[in-house]
Amino acid sequence: MGVVERNNVVLRGPVGAQPMLFAHGFGCDQNMWRYVTPAFEDEYRVVLFDHVGAGGSDLAAYDRDKYASLDGYASDVLDICRELELRDVVFVGHSVSAMIGILAAVREPDRFGKLVLVGPSPRYVDEEGYRGGFSREDIEGLLESLDSNYLGWSAQLAPVIMGRPDRPELGEELTNSFCRTDPEIARHFAHVTFTSDNRADLARVQTPALVLQCSDDVIAPLEVGTYVHEHLADSTFVQLQATGHCPNLSAPEETVAAIREFL
Amino acid sequence: MPARPYQDVAAQAALLQESAEELYENAPVAYLSTLPDGTIVRVNETFLRWTGHARDDLVGRKRFHDLLPPGTRIYYETHYAPLLQIQGSVREIAAELLRADGTRLPVLLNSTLVRDEDGAPQIVRTTAFDASERRSYERELLRARTDAESRARAALALTHIDDGVLLVDEQERIQLLNPAAEAIADVEASRALGRRPAEAIAWWDAIAARIPVGPAAARPAPEVVAVSRSGREQWLSIVGIEAAGSVVYTLRDVTAEHRLEQMRADVVTVVSHELRTPLTGAYGAAATLLDRGDELRDDQRRQLLEMVFAQTARLTEIVDQILLASRLDTGNEVLRHDRFDATTIFELVLEAAPPDERPRLVVEAQAGGSVRADRDRLRQVVRNLVDNALKYSDGEVRIGLERRDTGVRYTVSDDGPGIPASEREQIFEKFYRLDPEQHGGTGGTGLGLYIARELVTRMNGRIGLLPRERGTTFFVDLPS
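Chains A and B, in that order, are what the protein sequence lines are.
When we follow our numbering, the leftmost residue of the first sequence carries the number 197, and every step to the right adds one.
When we follow our numbering, the leftmost residue of the second sequence carries the number 81, and every step to the right adds one.
Simulated from the structure, these hints should not be mistaken for laboratory data.
Hints are not guaranteed to be accurate.
[What the hints assert, rightly or not] Here chain B is said to cover these stretches of chain A; the calculated rule only asks that three of the stretch's residues, wherever they fall, bring their Cβ under 8 Å from a Cβ of chain B: (1) 205-217; (2) 332-339; (3) 441-451.
Cβ atoms here follow ideal geometry from the backbone N, Cα and C, with glycine treated the same way.
Please construct the entire structure, taking both the sequences and the accompanying hints into account.
In structure tokens form, the structure reads like this:
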């Protein structure tokens, strides 16, 4: 299976225009860009994709070893760039994908023209001399939330409890039909995301970057955004009025405007 | 039964003072309305009662995610909020709400996003169902699943472990027997389960009293015991650990280790005895020559020198045997596979025999023919058999040769005391020696027949004993 099928790559906008590659964060899929991408489809070649394990990606391509660190996801981003022969890419990454973009840009700096980092955090867990906003117990709590929700989501408990809910027809009945993920994969992705530490990678980025910081974002608090801004060689910091962790959904106009301004 | 008129129902409702407001405030479900940024704008009485919060502390002051524990908060931000904004509603999200006293209320949340005419988000309506009981069931189910998984892993490990594991319950019945234990105890699980160990396992009674059994904390040391399995001796290391009224026995087949241990002891015996005898002889003769050589006659001196020579030759032979055995063990001995006249071996063997023993040797070659072997090594094998025969008997020793279907058979026979049937296999084992007291054994390194068998096997042949009433006949079959 090719990269395009593996990552459910969707292309919009004029062929040959500068590419904008949108990468979704943990918990959702490319649907989360639905209010943002239309604003760029006239001028840019918009490239959307799902991380392996999320949305319409090929679940069979999920390899626990490969995706045991964010590097595996960064490799996929570079695969997509190579497959589609993307150059001078504007990479827009939300949440954990901001770090995935940073890893990709460190590995192949020539591919990337600009990075837009929405709610980035290089380290979610608090450490001595660093405040990421979460303790290890909090991360355990998240994993528990995931577990109990995959229970709650399925109308029938038995298949989940006695084995994997690998009955696709069950998915069709779910009310919460967007941003579906395989529960085991979601758990692993959550673990990888929230235990990753990419602080050291920030200094290695040469690509100009925009840090989009939300107000009152519990996932990536203000001081984390500031930390990212300060440790990147060439970055612009914009604090949005939007609250929460997903300005692309809660305040698409403001998000689009900030990205336009930067570009 | 006639239908109750509608008017009656309405009247009753009125009687119960049911109103939309009353229903909102005291519904059996908690209601919560928030602005798109999560700011709480309205909650019902049920919500306050369930969570213990005061209305004034919430409305306009707190956001929805402030009521969530950190883990749920991450889930809310990464799953719940995006979903709500994408599809306008979410259903049955399992979450926990923080009560005023810090405890957690498990709930199921449903939310609807209300937009204005332009599609801009206005308000989020959320209902929360008390899911305390449901959550504890789900936890139990999850735990059951985790337990089942870990049990499956334990069973997998138990199936593939080399050590035998046997579980015997309070009623002295076997409840579990892994495949390694089946092999060691020589019994199928289906025949052993539910029975007493003594009934299921042939040798159990013989050793039961010697098995150390105790609680894990006492760390009982395994006992090594010999049991008889299909007529052969098997050495087992066995120990029992008491756990929850049952006893878990661990059985390990240590026959190979035991043999090795035995062999080590034998090496010490061989070295201390077999090397020491010729050494003492050579040393004594040399010392006498040094001390009193001048006083001795020429023929006496020569006798002593011959003794030194003979004993050092014997030493060399023993050391060579040990080295050859070691090369055979490590596979470093390379043999030739030449084709030559089988009878030529006799001349070589006769030449090498001590002059005073030669009259006892009788060659009975029935037919010639060619043999495919390493000539020097074959000579060594036949000579070793001849030497043994000369040593263990007084009469004549017959060396025979006959043609077989695909090769030739050498035989070496004597009319000595013979080899007991029980030891016919063991004599080919390394360092095995017949008991000198009982069977007229004469000592030696115990390597001769071991080396012979290893060499013959490597020459694609076979060595063994032919059954006889009296005396001994060794045969060596080799290809042509």
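May I ask which of the numbered hints given earlier this structure violates, with the numbers listed in increasing order? Hint 1 contradicted; others consistent.
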